[in-house]
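**Q** Make the full structure from the sequences, and use the hints.
Given next are the chains, with one letter for each unit.
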Amino acid sequence: MSESTKSATLEIVRETPLLQLSMQQAINRALGEILDTDDRALIFGEDVGLLGGVFRVTDGLQQRFGANRVFDTPLAESGILGTAIGLAMAGFHPIPEVQFDGFAYPAVNQIITQLARMNYRSRGTLPMQVTLRVPSFGGIRAPEHHGESLESLFAHVPGLKVVSPANPQQAYHLLKHAASMPDPVIFMEPKARYWNKAGVDLAADEDIASLEGSVIARPGKHATLIAWGAMVSRCLQVAELAAEDGIELEVLDLRWLKPIDEAGLAASISRTRRAVVVHEGPHTIGLGAEVAALVSQSCFDTLRAPVERVTGFDVPYPSGDLEDEYIPNIDRILFGVQRVLEYRRG
Amino acid sequence: MSESTKSATLEIVRETPLLQLSMQQAINRALGEILDTDDRALIFGEDVGLLGGVFRVTDGLQQRFGANRVFDTPLAESGILGTAIGLAMAGFHPIPEVQFDGFAYPAVNQIITQLARMNYRSRGTLPMQVTLRVPSFGGIRAPEHHGESLESLFAHVPGLKVVSPANPQQAYHLLKHAASMPDPVIFMEPKARYWNKAGVDLAADEDIASLEGSVIARPGKHATLIAWGAMVSRCLQVAELAAEDGIELEVLDLRWLKPIDEAGLAASISRTRRAVVVHEGPHTIGLGAEVAALVSQSCFDTLRAPVERVTGFDVPYPSGDLEDEYIPNIDRILFGVQRVLEYRRG
Amino acid sequence: MAPRALAATLDTLSTSPADDAARGPARLLDVYRMLANVRQLDTSAVAWQRQGLIPGYAPMLGQEAAQVGAGFAVDKTRDFVFPSYREMGVAYTLGVNMVDYMSTHKAIWHGGLYDPVASHFAPFQAVVGGSVLHAVGWAHGQTLNGASLGGLGVGLAFLGDGASSQGDVHEAMNFAAILKAPVVFFVQNNGWAISVPTEQQVAGGSVAARAAGYGMPALRIDGNDVLAVLEATQRAVAHARAGLGPVVVEAMTYRRGPHSTSDDPGRYRTLDDEKIDGGEDPLRRFRSVLVEQGVADASFFDKSDADAQTRADEIRDGVVALESRPGSEMFDFVFQESTPTLGAQARQWREESEHV
Amino acid sequence: MAPRALAATLDTLSTSPADDAARGPARLLDVYRMLANVRQLDTSAVAWQRQGLIPGYAPMLGQEAAQVGAGFAVDKTRDFVFPSYREMGVAYTLGVNMVDYMSTHKAIWHGGLYDPVASHFAPFQAVVGGSVLHAVGWAHGQTLNGASLGGLGVGLAFLGDGASSQGDVHEAMNFAAILKAPVVFFVQNNGWAISVPTEQQVAGGSVAARAAGYGMPALRIDGNDVLAVLEATQRAVAHARAGLGPVVVEAMTYRRGPHSTSDDPGRYRTLDDEKIDGGEDPLRRFRSVLVEQGVADASFFDKSDADAQTRADEIRDGVVALESRPGSEMFDFVFQESTPTLGAQARQWREESEHV
Ligand SMILES: Cc1ncc(C[n+]2csc(CCOP(=O)(O)OP(=O)(O)O)c2C)c(N)n1
Ligand SMILES: Cc1ncc(C[n+]2csc(CCOP(=O)(O)OP(=O)(O)O)c2C)c(N)n1
Ligand SMILES: [Mg+2]
Ligand SMILES: [Mg+2]
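Chains as they are written, first to last, in this note's numbering: chain A, 2 to 347; chain B, 2 to 347; chain C, 126 to 481; chain D, 126 to 481.
The set of hints was computed from the structure by calculation and includes no laboratory data.
Certain hints may be false.
Claimed, not checked - Computed, partial: chain D to chain C, Cβ under 10 angstroms:
| hint | residue |
| --- | --- |
| 1 | M298 |
| 2 | N299 |
| 3 | F300 |
| 4 | A301 |
| 5 | A302 |
| 6 | A328 |
Said to hold, decoys possible - Just some of the chain A residues that point at chain D, by a computed CB distance under 10 angstroms:
| hint | residue |
| --- | --- |
| 7 | G50 |
| 8 | D73 |
| 9 | G103 |
| 10 | T285 |
| 11 | S320 |
Even glycine gets a Cβ: it sits at the ideal position worked out from N, Cα and C.
**A** Structural data, given as structure tokens:
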């Protein structure tokens, strides 16, 4: 997608100083603006009110918009999603939060059988403008179920759109964009990146097209690393390291996990001819499998090595102490890069 | 897997007449034997008792084994699975039924966060010998949610094993094998095949190895069709048709959807050099993506065309009238075959 | 199984001003006409299935009083009904286009072809307990919108005794009571969830009895007495409309037919059970009332039944005429804004299946 | 928030023969010693977190009476406890190895390193409401096994006021009542679910009050009175043990500390609120009782507190000494019988991470 490259460039060439925001602040700011401009928008979930959410992402919003617009619910995720669906049927724009990814499972029935199908079932008469925020992925040494990767589950479900920002700039704009869409969007926030500050250009959202598809986070020519969420910055680190050895890795930030930017993937990999997809979730039938299958098909003639997948293992997400063994670390990604670079047809 | 071929051959060379059973009868018979030989085994779910299940799969079992061993539960799938977990913790061997695939969603939280993790969480001290039967897939013109394909969801989850039989012989033996395993196994019964009769050799289960991995349902050399559940017989039909045109298609019945028989896939496709994977579930991040990714990697040098995926579309499972448009039909599979056969490097 | 009137906290529920009108003779005749329509269409639909016109159907024989009574209490200019899969009688009473409603049983479109927004009747829905929370969310939306003249719009969730076992129903009742949402949980306790009798389903024996645990009023009523249902539902709706919060109405009725056209009740209950537990036919009961009150006579019933037959025949013609929806609609209705992937799949489908 | 003793259907619950023994002086001293141990370990664990020894902890300050009282009612030769994530005091009372228990807070192993089978204490579990159904299933297993001399083994599910909102808890109560399973649902109503007070969580205000809807007896007790908790739990256990079915015990208590070491209660309640709502410290209350009854004096308390400190220090040493589990265990415990895929992943992990 050519826009992708454009928006990446944008960050480099602009001159006015950027606001330094953490992703948590950027999302908080976007939510405030959404509530401000769309009075059908409602935020609710567990502890999103007075507490401002366990990650403080909704900090100050109840104080600012009142307890009708921003409210705490009882502790029941299916209830939260089911209520959101009913509110959307009544013409509201719910922006529910599930407190941690691992607690989206109790809501899966409502998400799959109801949220994702209501537009279809009603033949388009009951659109589901529901923006579901899910603090996602691991890396914060949290208790069990507090760091999971549900993108494969969500993105497999027809009727859902899924997006994950990699940095504060994206988080701000992608959330506003997602919230403007008349379809259910699952917004997966990489919680390991909540506190990292980076420049945000609040005015850069004029061009909707630049918010669709993937972006090239770093251009390169020897192989493409494909990642999303917190793995994007890790891949950028890997690219930095590899550059010291003269290896130029392109980093493609997928951003939209559904729909997947097939054209963007094909464009990058037909140039670099080698691909490594990196994700935190389990390997088997992870989103990496889809990416590998797509690329293996679209770049069949140009690929010089099998697509490598560096992913979480097919094991339950381990406790904090072992999390660095589980989440793709720099070493494992480098091994993957090495495999695609050294591959020779047998 | 060499055993696979052996067992396939077995069906051809044996001389004693086989019992003609439908899959529904074969499963019923297997369940009866399991209850007979393992007194820790319990069957429960909605309407599995007096009614014998809506598909009559548990017909007569309550009468035979009593209402302590075979019992109806209240209408709550999370309750069924959660109770099963507790019974397994108490040393029982639960064989719960979820009435239709689409009603497994309410149980997903218990399945993913509890059933699949209890052995891990307890460091092997609380094994989960739970055999969950799920009438699966479409093709019976049923109401909404009565025909879904949850294999991608299940097989992605670490800690679960997943298997789907393609014919009565397999159903009988695979269920008994699955039930003998000390880990949670999801047994996906292709409901469209419940009523088709075929020969069953009750005595053929001495060789456990023959129940693992995939089987070659029909040997061929021009391309491999990979399928499971009800799609196996459809692929066999396709192979029959193609043979009239001199095209010899191999049909690989995957059987185990987790763990996937990577060696069996590689063996077949390194011979045929072309692969089409066929499944009913949605395309994106379907199990077909994993199969395509695996094969694209393991057969990178030998593949002569990109792996084709002929699958359900990324749309909610449609109503009966459109189901033949949704489930891969013979035409669509043949188009897929054509694409892999006619592919020329650009 | 004999349904007995049980008014848990009846006193807290104000009587609605509509009650008297509900008992006026014209209204009573309307109610009967609708009962006759529903009975006829239900019986016809079973026949259509036997004739191969539709692949399946879930009869509501015996539940006409519960459904028509409840339907008459709905203000379809501002209330909204959240049905399950057996609410044909509610749909009919609400004026849903019945050909479009029946389309789901013809396997044309899962949610039905009717317009849920215009009908104030949510799409047909098969996940047991799945739509109950939607009623709560929708109702809370009415609170947020603020009451207009005459009070709040009320969400009516229809669920069965079986559905009451689902976790979602508990979450819905708790959310509704916490939010003070204007919802009526209308439980048709028809004695069965497929083959499982209420005693093995509903611990304690009554869904209405659970309401107290949420601090919610409840009415447990004879669901085969159409006027009792109408009155109870009106009172419940009035309570919710006034902003006083949710109410449970448990209508004790009986599923006189099979669970669906593919069910075989002989496996789990005898014909004698059915006769004893089913009690008197709700239509016959209402007919006696009308005759006793001198409101109607045999010619009225004959005429109503004949009209019902005519309407059922018209609906049949409509259902026969219904054609499959074009396959392209599979792709069209997934999203409001489609995606490139879906567009590509639709194109491939057209090439391979429509050969265009 | 002042906890009041409310005995919903107390009369149906027989008094257990153990009640008197429970009040014997030796037992009373044991109870106090355990309260002191638990208070000390809890306070220490918070300190460990501040010192960076463990990454996080969920304090149970203020809930000692509820947890120790309940723990003393458990027969650990045949009952089985299904905890959530805040049941340190129950674990301690049951004799769970506390270093192994604390390992989960050190982020060593999610379920804890203790042996749940030997301890009769299920793995540490963080999904709110997630283990309640397991207690029901396990308990039904005891029914199927048949009562041995002295009655059935009882499953004790520990849940919070927040957890009571989960659909699973409803399904569990309904299943248990239908199955007449020997389960005690022990609710610690500590006033809060993170930042959400019980009033916004539990419609109707009481989890115990819901039991009636399932035809189940319930006891609502002062959860800060350790003897009241012990007695109520014993009665509930005895009821279940006798095969009379499930019981709800709602212990009204107060979470005096933050939800977890990363929580900041100042955002949602004031120190004044805490003082007023928290009431008197449960340890101090029990101390007064012991002094009044002449069972213990200052030297006993000093000694108990000092011993508790010693034990906490020992546990600290154990926790400090705990090393990370080898990464290979990620693969070892997924299944009883591993798979080729997992084997290959483990090999690759070893090559790339352990360089073997
Ligand atoms: C979540 C879910 N589980 C199972 C089913 C299968 N099923 C359809 S209807 C039914 C019984 C429903 O009983 P009840 O709620 O009493 O309604 P009734 O059929 O009596 O109208 C069952 C088990 C379903 N549709 N949804
Ligand atoms: C299913 C689920 N949703 C959300 C959470 C996040 N969470 C952890 S504890 C908690 C509050 C629990 O409150 P309560 O049940 O009263 O127990 P308490 O913390 O007071 O002991 C929440 C929301 C979770 N662990 N599980
Ligand atoms: Mg029913
Ligand atoms: Mg609490």
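**Q** Taking the least C-beta to C-beta distance, is A301/D closer than 10 angstroms to chain C?
**A** holds, 8 angstroms
**Q** Just to be careful: measuring from the Cβ of F300/D to every Cβ in chain C, is the smallest value less than 10 angstroms?
**A** Holds, about 8 angstroms.
**Q** Min Cβ distance, A328/D to chain C: is it shorter than 10 angstroms?
**A** For A328/D, the interface hint holds, since the closest Cβ of chain C sits about 3 angstroms away, which is under 10 angstroms.
**Q** Hold the hint about N299/D up to the distance rule: shortest CB distance to chain C must be less than 10 angstroms.
**A** OK, holds: N299/D within 10 angstroms of chain C, min 5 angstroms.
**Q** Interface hint check: M298/D, Cβ to nearest Cβ on chain C, cutoff 10 angstroms. Holds or violated?
**A** holds, 7 angstroms
**Q** Can S320/A be said to touch chain D, with a Cβ gap under 10 angstroms?
**A** holds, 5 angstroms
**Q** Would you settle whether the hint for A302/D is holds or violated, based on the nearest Cβ-Cβ distance to chain C being less than 10 angstroms?
**A** holds, 3 angstroms
**Q** Would you settle whether the hint for G50/A is holds or violated, based on the nearest Cβ-Cβ distance to chain D being less than 10 angstroms?
**A** This hint holds: G50/A lies near chain D, its Cβ roughly 7 angstroms from the closest one there, short of 10 angstroms.
**Q** Quick check on D73/A please, does its C-beta sit within 10 angstroms of some C-beta on chain D?
**A** holds, 5 angstroms
**Q** Holds or violated: the hint that G103/A contacts chain D, with Cβ atoms closer than 10 angstroms.
**A** holds, 7 angstroms
**Q** Does the nearest C-beta of chain D fall within a distance shorter than 10 angstroms of the C-beta of T285/A?
**A** holds, 7 angstroms
Figure legend: structure checked against the earlier numbered hints; every hint is met.
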